[in-house]
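> The lines below spell out each chain.
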Amino acid sequence: EAGVAQSPRYKIIEKRQSVAFWCNPISGHATLYWYQQILGQGPKLLIQFQNNGVVDDSQLPKDRFSAERLKGVDSTLKIQPAKLEDSAVYLCASSFRTGRLGGASNNEQFFGPGTRLTVL
Amino acid sequence: DAKTTQPTSMDCAEGRAANLPCNHSTISGNEYVYWYRQIHSQGPQYIIHGLKNNETNEMASLIITEDRKSSTLILPHATLRDTAVYYCIVRVAGNQFYFGTGTSLTVIP
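As given, the protein sequences belong to chains A and B, one line each in that order.
Mapping of the first sequence onto my numbering: position 54 corresponds to residue 54, and the numbering continues sequentially without gaps.
Mapping of the second sequence onto my numbering: position 50 corresponds to residue 1050, and the numbering continues sequentially without gaps.
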């Protein structure tokens, strides 16, 4: 089966510019996640969607970051305006369902290759 | 907040077992432990997960202590392709993953 697709793979912009990333999850996966991974650190969840609704965006810097998943399939993450500290890899992941706490099923998250953003 | 603590780096000889420890002392009774690995310039890849019983699949084994405060990922016969950063993750409500900083495993020929 096709994996999670992301584009672009690399992006270089200057500070104060805007940038958008695109993600197409695995077909049939209801839940979609955006993560930020700063060099040398583990991924940090930014936002989680269930179909086209937001489940959790508590870690999303809403003054400059926005994300949408209008039709419940693919998603875009936007940064406007970018800062130097936004340089990171932005990972998209999807899972079949959110899963209830303690559920026995494997709610494995499948990750895309990421978009490496460099802000100069 | 990361819910796991792992050593920063480890080395393992090719063909030997790699044992990667993880502490998750604040884990709740219904939170799962997941292990993922990330090879340079790729997204994280699922390895294995468990709740309280030991688990084994074609890639690895997961040993969880009885009090569930720590676990060990075992790669039985490490190869050069196993060189990667390994993340021990606690899965909380809503299928959310909390990644730590991971262990960089280097398999030495």
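These are calculated hints, taken from the structure and not from any lab test.
Mixed in with the good hints, there may be bad ones.
Have a look at the derived ranges for each label pair, beta carbon to beta carbon [unchecked claim]:
{"#": "1", "chain 1": "A", "residue 1": "R9", "chain 2": "B", "residue 2": "T1056", "range": "47 to 53 Å"}
{"#": "2", "chain 1": "A", "residue 1": "P81", "chain 2": "B", "residue 2": "K1052", "range": "43 to 49 Å"}
{"#": "3", "chain 1": "A", "residue 1": "H29", "chain 2": "B", "residue 2": "A1093", "range": "44 to 50 Å"}
{"#": "4", "chain 1": "B", "residue 1": "K1052", "chain 2": "A", "residue 2": "S18", "range": "31 to 37 Å"}
{"#": "5", "chain 1": "A", "residue 1": "E68", "chain 2": "B", "residue 2": "I1039", "range": "27 to 33 Å"}
{"#": "6", "chain 1": "A", "residue 1": "K15", "chain 2": "B", "residue 2": "K1052", "range": "44 to 50 Å"}
{"#": "7", "chain 1": "A", "residue 1": "I38", "chain 2": "B", "residue 2": "I1039", "range": "39 to 45 Å"}
{"#": "8", "chain 1": "A", "residue 1": "L70", "chain 2": "B", "residue 2": "N1054", "range": "29 to 35 Å"}
{"#": "9", "chain 1": "B", "residue 1": "S1025", "chain 2": "A", "residue 2": "I38", "range": "23 to 29 Å"}
{"#": "10", "chain 1": "B", "residue 1": "N1030", "chain 2": "A", "residue 2": "E68", "range": "30 to 36 Å"}
{"#": "11", "chain 1": "B", "residue 1": "L1051", "chain 2": "A", "residue 2": "P61", "range": "42 to 48 Å"}
{"#": "12", "chain 1": "A", "residue 1": "G53", "chain 2": "B", "residue 2": "R1016", "range": "43 to 49 Å"}
Straight-line C-alpha distance at most 35 Å; calculated DSBU-like pairs for lysine-lysine [claimed, not checked]:
{"#": "13", "chain 1": "A", "residue 1": "K78", "chain 2": "A", "residue 2": "K15"}
{"#": "14", "chain 1": "A", "residue 1": "K11", "chain 2": "A", "residue 2": "K62"}
{"#": "15", "chain 1": "A", "residue 1": "K71", "chain 2": "B", "residue 2": "K1069"}
{"#": "16", "chain 1": "B", "residue 1": "K1069", "chain 2": "A", "residue 2": "K44"}
{"#": "17", "chain 1": "A", "residue 1": "K78", "chain 2": "A", "residue 2": "K62"}
{"#": "18", "chain 1": "A", "residue 1": "K44", "chain 2": "A", "residue 2": "K62"}
A few chain B residues facing chain A, derived, Cβ under 7 Å [as the list claims (entries may be wrong)]:
{"#": "19", "residue": "G1094"}
{"#": "20", "residue": "G1100"}
{"#": "21", "residue": "P1109"}
Where a beta carbon is used, it is the ideal one built from N, C-alpha and C, also for glycine.
> Taking the hints in turn, state whether each one holds.
Okay, the hints, checked on the actual structure:
1. Taking the beta carbon of each, R9(A) and T1056(B) are about 35 Å apart, not inside 47 to 53 Å as hinted.
2. Between P81(A) and K1052(B) the C-beta distance comes to about 47 Å, which sits within the given range of 43 to 49 Å.
3. Our hint of 44 to 50 Å for H29(A) and A1093(B) is violated, since their Cβ atoms are close to 19 Å apart.
4. The given range of 31 to 37 Å is broken by K1052(B) and S18(A), whose C-beta atoms sit roughly 47 Å from each other.
5. Between E68(A) and I1039(B) the C-beta distance comes to about 30 Å, which sits within the given range of 27 to 33 Å.
6. Between K15(A) and K1052(B) the C-beta distance comes to about 48 Å, which sits within the given range of 44 to 50 Å.
7. Take I38(A) and I1039(B): their Cβ atoms lie about 18 Å apart, and the range 39 to 45 Å is violated.
8. L70(A) and N1054(B) have their C-beta atoms about 43 Å apart, which leaves the hinted 29 to 35 Å range violated.
9. One distance hint, 23 to 29 Å for the beta-carbon pair S1025(B) and I38(A), holds here, with the actual separation near 25 Å.
10. Our hint of 30 to 36 Å for N1030(B) and E68(A) holds, since their Cβ atoms are close to 32 Å apart.
11. At roughly 34 Å, the beta-carbon separation of L1051(B) and P61(A) lies outside the given 42 to 48 Å, and the hint is violated.
12. A C-beta distance of roughly 48 Å is found between G53(A) and R1016(B), which places it inside the suggested range of 43 to 49 Å.
13. The suggested pairing of K78(A) with K15(A) holds, with an alpha-carbon distance near 14 Å, which does not exceed 35 Å.
14. With a C-alpha separation of about 21 Å, the suggested pairing of K11(A) with K62(A) holds against the 35 Å cut-off.
15. Taken as a hint, the K71(A) and K1069(B) pair is broken in the structure, with Cα atoms around 41 Å apart against an allowance of 35 Å.
16. Restraint check for K1069(B) and K44(A): the C-alpha separation of about 22 Å stays at or below 35 Å, so the hint holds.
17. Pair hint K78(A) plus K62(A) holds up; C-alpha atoms about 10 Å apart against a cutoff of 35 Å.
18. In summary, the hint linking K44(A) to K62(A) is supported, as the alpha carbons are separated by about 15 Å, within the 35 Å threshold.
19. A hinted interface residue such as G1094(B) counts as satisfied when its beta carbon comes closer than 7 Å to some beta carbon of chain A; here the least separation is about 6 Å, so the hint holds.
20. Residue-level restraint check for G1100(B) holds (minimum Cβ-Cβ distance to chain A is 5 Å; threshold 7 Å).
21. The restraint placing P1109(B) at the interface with chain A is violated, with a minimum CB-CB distance near 26 Å, outside the 7 Å limit.
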